[in-house]
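Participant: Residue strings, one per chain:
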Amino acid sequence: MVLALLPEILLLILAVVILTADVLLRSNRRRFLGWIAASGLILILVIALVYSRPEPAQSLIFGGMLRHDWPAFSFKIIFLFAAAVTCLLSLGFEGVDKRGDYFALLIVTTLGMNLMAAAADLIMLYLAIEITSIPLYVLAGFLKRDDKSVESGLKYFLFGAMTSAVMLYGFSLVYGLAGDTNLYNLATSLQTGQLSPWVLLGVAVLVLVGFGFKVATVPFHFWSPDVYEGAPTPITAFISTASKAAGFAVLVRVMLAVFPSIASYWSTLFAILATATMTLGNLLAIPQQNIKRLLAYSSIAHAGYALIGLVALSEFGAASLVFYLIAYVITNLAAFAVVILFARTAGSEEIADYAGLSRRAPGLALVLLVALLSLAGMPPLVGFAAKFYVFAAAVRSGWIWLAFVGVLNSIIGLYYYLIVLKVVYLYRSEEEEISIPVPRPHAIVLIVCVFAILLIGTLSGPWLEWTLNAAQSWF
Amino acid sequence: MTFPILTVIVFTPMAAGLLLFLFPSERKREIRIAALATATFSLVLSIWAYFSYDQAMNGYQFVENITWIPALGISYHVGVDGMNLPLVLLTGVVMFTGVLISWNIEDRPREFFAFLFILATGVFGVFVSLDLFQLFFFYEIAVFPMFLLIVIWGWEVTREYAAMKLTLYLFIGSVIALVGGLAMYFTAGLNSFDLIALEGAGFSIAFQRFWFPFVFFGFAVLGGIFPVHNWSPDGHVAAPTAVSMFHAGVLMKLGAFAALRVGIMLMPEGVKFWSPLILGLATVNVVYGALIAMVQTDFKYVIGFSSVSHMGLVMLGFATLNREGLTGAGLQMFSHGVMTALFFAVVGMVYDRAHTRDIPKLGGFSKVMPLVAVAFIVGGLVSMGMPGFSGFIAEFPIFMGLWQRQPIVALIAALGIVITAAYIMRVVGRVFFGKMPEEFVGHIPPITVLDKVALVMLSGILILVGVYPGVMAPLVESGVEAVLTLVGGV
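Going down the list, the sequences are from chains E and S. Under this note's numbering, think of the first position of the first sequence as 141, with each following residue one higher. Under this note's numbering, think of the first position of the second sequence as 809, with each following residue one higher.
Hints in this document: simulated from the structure, not taken from any laboratory. Be aware that one or more of the hints could be misleading.
[What the hints assert, rightly or not] Stretches of chain S that chain E covers, calculated by requiring three or more beta carbons in the stretch to come under 8 Å of a beta carbon on chain E:
1. 972-979
2. 1107-1115
3. 1239-1249
[What the hints assert, rightly or not] On the chain S side, residues computed to face chain E include the following (Cβ under 10 Å):
4. GLY930
5. PHE955
6. TYR1159
Because the structure is a prediction, the values reported are computed rather than measured. Glycine included, C-beta positions come from ideal geometry on N, C-alpha and C.
Taking the hints into account, I'd like the entire structure generated from these sequences.
Facilitator: Shown next as structure tokens:
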């Protein structure tokens, strides 16, 4: 039982270590804090892979508060990976890299996400969501002297608090209707109550408000472009990847465990949401001038693609959703790594300033090319396999129109990614002579991410098996 | 284990393309030599594969089948038969000549050749695919580098517009076909993406009639079928010479071939139902494309629209669904590929020296570059379908097949040939003969040795196939056999 919780325990210890080191280290040594955090997270990742593998039989642990199963485990790996990458990207980032509290908050929010993925009880779930969210609000507004960052933190907090309140109201209704808080008892309790499906659907929608905020689906997406733009870029990368994946982890678990009796209703609802999310995200991304805002809208669209996996309502569908998230997390981290590196030297996040990047830094331009093409869904990159599986799941479950909406949306996506690439490869700039240095931690991130994008993209077999395995425990 | 020749053919360009990035970008000479070595290697291998294919045995040869993604029954499955082997050879030829023609590219040659080679891997991969997933995988690899190649090295005036238009058109087509492919996979219920397995899936007639247009027309976008041909002339014109050669010579065949391989061969009932529409649209391609080519004043647009016109003949051949028509279509894919590569090479050489492609401003070029003029005339004779050139042995069977199927269509489409003769004559007369304008006299440098090699090689192939059809026609016929057993012959 302790082994199941080992990563979380270690995360807590790591957070304490960071805070202690923050006090003990002299100010000129503080830059090691990020290295400690990153290597600690990587170590925890390895330990989790070795010691915390779930048993084939799923078990509820700690009095039914948590469930130690494959989906939870898979998501924990994603979170730990994203957190480690975020720490590496934060190294040398002006304003955050010498702050122990920054890294401690990052680790605590990762801890919260791990609990979100495993939570099997409404109370635990709510606590986990708040453990995740509150540090993220602080992190988004971490650059106190930067108005945009403060605005971003405040906006994130206000939206988060409100949606969280609505979600909590939904939880209270679920409890009131069923008289239970354990996710895995709720389905039976709710069914024996002979409730009208519409009542249940109403409750589900209230709960969804909170989850929709986390994954940034339409119509709960309004916060994301502003927050993404203002937050320190490593945190933007983290919010857009790990936090979104965490939202999906609870969304899928709650929907499949608590509301299976009205699955046909909510899958239609999700089909509509997915359509709106993809279309709106992609269309609004087109006119963006700022790369972070562009990636914000594109990440909204990607939430829509991933939702298709849930709409399909099958093991393969859920597996394709997990696969999609893995692909998306790795790719988006690579894209943000380039954004961070570029801003370090050029001091700009405007797409127009990326002109001449392929001459200034051919390697960096190539990474951006790979990342954006993977987001667009181009083989042999991982984004292609991910989109292929999601659309395959939709077609298999008979959602042909949704598959068409998805593929046509991926064309819109391709369009704005190509615009960025055109700027990078075609346009000239006066600063072409100024090269862009790539420090070691960033180089590690770029190499690992590009390698993973290519590897998982070409040899997706074992990874698909893994996610299929994980998806089984959800049903 | 035998030598995995097809795998080597497919992956050599990509591996070389990635290795090119190891060169420092300013070592242009070394980069060019490495590129030429790669292209030569690919050409030699594809010639070897072409001539070591055993026609007596027929069927798919050099087959390799490796499990790729077991959960979905996806495998890496390659093989060649009479239908795709000529196209593999074509790709080898165009790749080789394309590198020769691009020798003088000064702007980032490393990136240029790398993207061109990644494109080549995609093209080879599609042609030899025997697995549907793999086919899509390589199809998209083949399409994308085109965007960068056109946008970076293309003609300044239209490159941004044309590259975006081309990429979006082709991707819309391919993703629509992809949904159709997924529908086939799940309906067949064989848990296999293997094309040969899917051939025997026995889809219901209603299913085939519903899904055929998605798959066929999705791919046919890349084949340049009317009314979605629009991307192609713009793309051809905006692209740098070698890319135009690749684009018109090989990529458009990719669309036609995939439409045949996935659309027609997997859903024979679908094609029987929809063939009148295909006949109609393809006839428009032939006649309308030729008419538009007739009125163009831009030399490259003439060739661009002539491609639209000639690809219509390929589609017509498909739609006949009989032995003659399909054989003609198979030969036409090869013949048109070489011919149009030759045309674009010529246009590129003229433009590089005259710095204009406006036909009324040109003239008398046969005096300064006689070999180029001869090559263009050879290409022109091929495109008119003159006996003794490969165009004749390709177009004649198409019309024979068409006559059996729909004499009216054959008559209308034959008009296209007449118009072709007219616009070719016009270009030959205006550009290569007549009086050379004052400003060019003494300012036209001769073409390089590498250019000559490319021109001689391309024209040589066109004449060889025309004079001695035995080198290709029986092979294509053996490939058509497989299609006919599926379609059942109409």
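Participant: Which of the stated hints cannot be reconciled with the structure, identified by number in ascending sequence?
Facilitator: Numbers 2, 3 and 6, in rising order.
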